[in-house]
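A.B. asks: Please put together the full structure from these sequences, using the hints given.
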Amino acid sequence: MKQKSWVPIYLALGLVWGCSFIFIKLGLEFLTPVGVAFGRCALGAMALLLIVKVRGIKLPTERSTWAALWLVSLLLNVFPGILFAYAEQRVTSVLAGIINAGTPLTTLIFLLIFFRTEKIAKHQIIGLILGGLGVLTVLGIWKGIGSSSASGVIALLAAITCYGLSFPVIRKYLTPLKLRAEALAAGQVTAGALTLLPFYLFNGIAKDEYRMGPILAMIALGVFGSGLAYIWNFQIVERAGSSIASTVTYLTPVVAVFVG
Numbered sequence: 010m011k012q013k014s015w016v017p018i019y020l021a022l023g024l025v026w027g028c029s030f031i032f033i034k035l036g037l038e039f040l041t042p043v044g045v046a047f048g049r050c051a052l053g054a055m056a057l058l059l060i061v062k063v064r065g066i067k068l069p070t071e072r073s074t075w076a077a078l079w080l081v082s083l084l085l086n087v088f089p090g091i092l093f094a095y096a097e098q099r100v101t102s103v104l105a106g107i108i109n110a111g112t113p114l115t116t117l118i119f120l121l122i123f124f125r126t127e128k129i130a131k132h133q134i135i136g137l138i139l140g141g142l143g144v145l146t147v148l149g150i151w152k153g154i155g156s157s158s159a160s161g162v163i164a165l166l167a168a169i170t171c172y173g174l175s176f177p178v179i180r181k182y183l184t185p186l187k188l189r190a191e192a193l194a195a196g197q198v199t200a201g202a203l204t205l206l207p208f209y210l211f212n213g214i215a216k217d218e219y220r221m222g223p224i225l226a227m228i229a230l231g232v233f234g235s236g237l238a239y240i241w242n243f244q245i246v247e248r249a250g251s252s253i254a255s256t257v258t259y260l261t262p263v264v265a266v267f268v269g
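Taking this note's numbering, the leading residue of the sequence shown gets 10, the next gets one more, and so forth.
Treat each hint with caution, since some may be false.
Unchecked claim - When the alpha-carbon atoms are kept at most 25 Å apart in a straight line, the in silico DSS-like pairs for lysine-lysine are as follows:
| # | residue 1 | residue 2 |
| --- | --- | --- |
| 1 | Lys67 | Lys181 |
| 2 | Lys62 | Lys187 |
| 3 | Lys67 | Lys187 |
Keep in mind that the hints were calculated from the coordinates and are not lab data. In this text the structure is predicted, and so the values were computed from the model without any measurement.
C.D. replies: Dropping the structure here:
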């Protein structure tokens, strides 16, 4: 498939996910980390289910497919959603975006150790490593970590480890099914929302103060960051591979630094 088929959505995904960090920070004004994770999943699921309904796309029916979607939702939505929100109570949204650029490196590790069916050329490995280190160095991550909360940084590293594992899991277990990206994304985010719902009911609201800015930020985070974004994510993994898909996080810190 030609490069043009995935580059536009790759750039769009980088923009949307790059803005997510400031949206998370705003959402924390009235939600707990669990509340932010659930809110973005619930809003994303509603948007995706509407898209699936309007386009007449059928959701998966096989239990094995739903098991794989649930696993992906844990790796892309549930654990990272909570971890990033927790971390952003302790570090800046900019630092969160910068550390997120380490995702391709964690993806590379999982591909080399556990998922050797997806072949990676030596020049790709070198490119991933140099690209990641280059982004982190240029954006000054070393200074940012030194003055930040250790628990926040550890949470971010745990989150990008989940992200790194998710891309090869998608490539191995979901891409071969040849299902529509809309159906896979809807199933994944819905599974994440249902998983988080009990925890949200127990401890989801931080305070009963609702300003328009944080509310709009959560809507954008859900509809775009956890809705449309995952359609694009599945499409990129299918067309370009999981290692390329993970490098979208090289774009997100640039956007995160720009939007603050």
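A.B. asks: It remains to establish, for every hint, whether it holds in the given structure.
C.D. replies: Here's how the hints hold up against the structure:
no., hint, in the structure
1, Lys67 x Lys181, "holds (22 Å)"
2, Lys62 x Lys187, "holds (19 Å)"
3, Lys67 x Lys187, "holds (13 Å)"
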